[in-house]
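**Student:** Assemble the whole structure, with the sequences as input and the hints as a guide.
There are 2 protein chains.
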Amino acid sequence: MIKQLKPSALSAQIEDMVEWLASYGSDNSGGVTRLLYDPAWSAAQKAVQAKIEHLGLTARYDDVGNLFGRLAGRDPEAKVVLTGSHIDTVTGGGKYDGAFGIIASLLAVEYLLTHHGQPLKPIEIVSLCEEEGSRFPMTYWGSGNITGVKDRDNVHHVKDANGISLDQAMQAAGFGSDLHPSPERTDLECFIELHIEQGEVLEREGKSIGIVSHIVGQRRYNITVYGESNHAGTTPMKWRRDAMFTAAEMIRLLTIRATADQSGLVATVGHMEVKPNVGNVIAREVTFSLDVRHSNAETIKQFCEACFSEFEIIAAQHGTQIRYHKWMDEPPVAMDHTLTKAAEDILKRGRISYKRMTSGAGHDSQIFGTHCPTALLFVPSQGGISHSPAEFTHTEDLQRGVLLLIDLLYKLAY
Amino acid sequence: MIKQLKPSALSAQIEDMVEWLASYGSDNSGGVTRLLYDPAWSAAQKAVQAKIEHLGLTARYDDVGNLFGRLAGRDPEAKVVLTGSHIDTVTGGGKYDGAFGIIASLLAVEYLLTHHGQPLKPIEIVSLCEEEGSRFPMTYWGSGNITGVKDRDNVHHVKDANGISLDQAMQAAGFGSDLHPSPERTDLECFIELHIEQGEVLEREGKSIGIVSHIVGQRRYNITVYGESNHAGTTPMKWRRDAMFTAAEMIRLLTIRATADQSGLVATVGHMEVKPNVGNVIAREVTFSLDVRHSNAETIKQFCEACFSEFEIIAAQHGTQIRYHKWMDEPPVAMDHTLTKAAEDILKRGRISYKRMTSGAGHDSQIFGTHCPTALLFVPSQGGISHSPAEFTHTEDLQRGVLLLIDLLYKLAY
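Quick note, the sequences are listed as chains S and D, same order.
Numbering of the first sequence is given in UniProt numbering, commencing with residue 1 and proceeding in unit increments.
Numbering of the second sequence is given in UniProt numbering, commencing with residue 1 and proceeding in unit increments.
Mixed in with the good hints, there may be bad ones.
[As the list claims (entries may be wrong)] BS3-like mimics (lysine-lysine), calculated; alpha carbons at most 25 angstroms apart, straight line:
{"#": "1", "chain 1": "D", "residue 1": "K121", "chain 2": "D", "residue 2": "K411"}
{"#": "2", "chain 1": "S", "residue 1": "K326", "chain 2": "S", "residue 2": "K159"}
{"#": "3", "chain 1": "D", "residue 1": "K341", "chain 2": "D", "residue 2": "K121"}
{"#": "4", "chain 1": "S", "residue 1": "K326", "chain 2": "S", "residue 2": "K275"}
{"#": "5", "chain 1": "D", "residue 1": "K411", "chain 2": "D", "residue 2": "K79"}
{"#": "6", "chain 1": "D", "residue 1": "K301", "chain 2": "S", "residue 2": "K238"}
{"#": "7", "chain 1": "D", "residue 1": "K355", "chain 2": "S", "residue 2": "K238"}
{"#": "8", "chain 1": "S", "residue 1": "K301", "chain 2": "S", "residue 2": "K326"}
{"#": "9", "chain 1": "S", "residue 1": "K275", "chain 2": "D", "residue 2": "K326"}
{"#": "10", "chain 1": "D", "residue 1": "K79", "chain 2": "D", "residue 2": "K326"}
{"#": "11", "chain 1": "S", "residue 1": "K411", "chain 2": "S", "residue 2": "K348"}
{"#": "12", "chain 1": "S", "residue 1": "K411", "chain 2": "S", "residue 2": "K121"}
{"#": "13", "chain 1": "S", "residue 1": "K159", "chain 2": "S", "residue 2": "K121"}
{"#": "14", "chain 1": "S", "residue 1": "K121", "chain 2": "S", "residue 2": "K341"}
{"#": "15", "chain 1": "D", "residue 1": "K275", "chain 2": "D", "residue 2": "K341"}
{"#": "16", "chain 1": "S", "residue 1": "K275", "chain 2": "D", "residue 2": "K275"}
{"#": "17", "chain 1": "D", "residue 1": "K238", "chain 2": "S", "residue 2": "K301"}
{"#": "18", "chain 1": "S", "residue 1": "K411", "chain 2": "S", "residue 2": "K79"}
{"#": "19", "chain 1": "D", "residue 1": "K275", "chain 2": "S", "residue 2": "K326"}
{"#": "20", "chain 1": "S", "residue 1": "K341", "chain 2": "S", "residue 2": "K275"}
{"#": "21", "chain 1": "S", "residue 1": "K355", "chain 2": "D", "residue 2": "K238"}
Calculated directly from the structure, the hints in this document are not laboratory data.
As the structure is a prediction and not an experimental result, all values here were calculated from the model.
**Tutor:** So this is what it looks like as structure tokens:
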């Protein structure tokens, strides 16, 4: 089927659609900013709606603002094959994150409808309202409502940086007032998400497609070391209880341990706060973040336990105390084996290079993955750069993703 | 001579005077805040002036607000024996830092005048206008003007946090308009400063008096590590250029090196800034402070060179770059051997325990020390706490300091 397409026409279409969608929310940074329920977000959803309708599909919103485009199937009993990604971006984001999954869905369904007519099973495109957590302190608002893990009655306290509540913002955008159907879906056969990798594994290894086996689990901690402030000049080294020195030993130790792991574990300290944070005063308190990810929850647990038991020894040596605040503990989510096998078969037949890999980043697929069979498929990200105006994927790579999606949807729905 | 004093009367006098001077600028924190040229500062200088005049000495200000009380000597050719300390405090400081040196001077001169009448050489009490750098970004304004290392014509750019210039503040307090004599002095025979230790060496070692041999030299750096920001989930450990990990290795290394030094070197990292400082993003830039002090400039230099050459290896291993910004390089200042020997002899005769030690903190004595023979003498600080309302020294310790000052001034001026 891939051979029936004119690649040059498709690649021009892909490039046009990337620019078209990026024009909604294009900002001064040269990037794209579409925050949940803001005017750029509304304009982008309306543009996608128009495109859906232009294809002859039925467009509809649910009550949190997820947008669907339905191509009805011949079998009235059949469940829905759903494909898409999220329309929102980070502040000053790129043109591909989320957007590419929506564009690919539109192009794939257009192709299938043109060349193969009505499918057996209904296919729906979805432009999910929110994934990034850029405006409100919560993520996966779109997929979470569809799968029933988010509850609109339980977020009245959620506000953005300007003090506008999620409820207010939702209603101002025309949602949240039961004018649209409830978002929860029980009629999904599967979900397929095409996304940029947001890492550089595919590029470095020269692979065209990533077939995600698991979305990693992650634990996040804030770890606080309590020492004693003292004068940097008058306190001999031997009498110090230096929270900075303790934290430095811990960060070094955990990073060396993570680097020695051969199974794909990653551990990151990206944030640090020091009190009083004055050059000539020994630090009395240092709080640092710890972000640990792996496809196996037990591996994460064992890594943390091993580090923390060494931390106790370090703290005892330094006369400092430690407090751990675990504020995230998300289990890994496996993608569906049948779906990923189907994708693999297509790529093998087409002699397209691919890599079975984990996703170290979170995606809507991890929410769908506990609700219905789900596949997450990556195209390369140049330099691994994402959440930046510099985010870029070569058109040939995007095209290989679209072609894979066409074949996969054909196999699943026709 | 010590035996002629009634210690109980002196100790009551000391306690009264500590409370008396602390009442000028007593703040909500339970501490004392007297910032250069502010109303509390002016009130305190006026109170000290009144006390000087009450003793029958001649009070005068210089044109930056240093206050002197002169007890004339019989020898018209003799240079001045100067003693005192600074009247300003940090914000929310204690009752002893600076203040005790002024109080001790007043009490010692009162005692000498009462018991021994006019000295051979003139003795002057000084209440120095500024040492702490709490209001304006500069230190040693008082001693620096007396010794000619500060220049009133060269500070027009210096402003406080509210944008008030040093010139404006000085004039509002009645100085800086040549109504008073120029501050520079060329008639000083010596300077004696009594001060709290602001460390806990004396307390821990059970010594009553610290005789300072050197005020340490210090180098201060800001050291910036440049790495690369990347996604904490999608970037394998082996491909990272993590500025936080690099900084942690460096901080650990330099602290271990300093701790291993047996010659009194101290090295402190008290400040850190991380960019972007987000838990799930690998740090692209970490800037940390380095404060190194020792009584020997060569030891400081060698320590820094040894650390920095190891830093280069660490940075190369991590694929990061380093930039060093040295913004302070003050040489150690030796106190006068004859003066400190005289103090030592007095303490030996009185069977008072003492320790020859370095001062890890800066003091006005380091400014005087390059201008005229200078002695800096410490009394213990309970728990080493200073720059805090909790700053405390037992009255017996304060009294031993005052008695030493009486004997030393007697030896020098009578």
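**Student:** Each of the hints needs a verdict: does it hold here or not?
**Tutor:** Hint by hint, here is what the structure shows:
no.	hint	in the structure
1	K121/D / K411/D	11 angstroms, holds
2	K326/S / K159/S	23 angstroms, holds
3	K341/D / K121/D	20 angstroms, holds
4	K326/S / K275/S	21 angstroms, holds
5	K411/D / K79/D	15 angstroms, holds
6	K301/D / K238/S	21 angstroms, holds
7	K355/D / K238/S	18 angstroms, holds
8	K301/S / K326/S	12 angstroms, holds
9	K275/S / K326/D	23 angstroms, holds
10	K79/D / K326/D	39 angstroms, violated
11	K411/S / K348/S	15 angstroms, holds
12	K411/S / K121/S	11 angstroms, holds
13	K159/S / K121/S	40 angstroms, violated
14	K121/S / K341/S	20 angstroms, holds
15	K275/D / K341/D	52 angstroms, violated
16	K275/S / K275/D	17 angstroms, holds
17	K238/D / K301/S	21 angstroms, holds
18	K411/S / K79/S	15 angstroms, holds
19	K275/D / K326/S	23 angstroms, holds
20	K341/S / K275/S	52 angstroms, violated
21	K355/S / K238/D	18 angstroms, holds
Hint check: violations occur at hints 10, 13, 15, 20; the rest are consistent with the structure.
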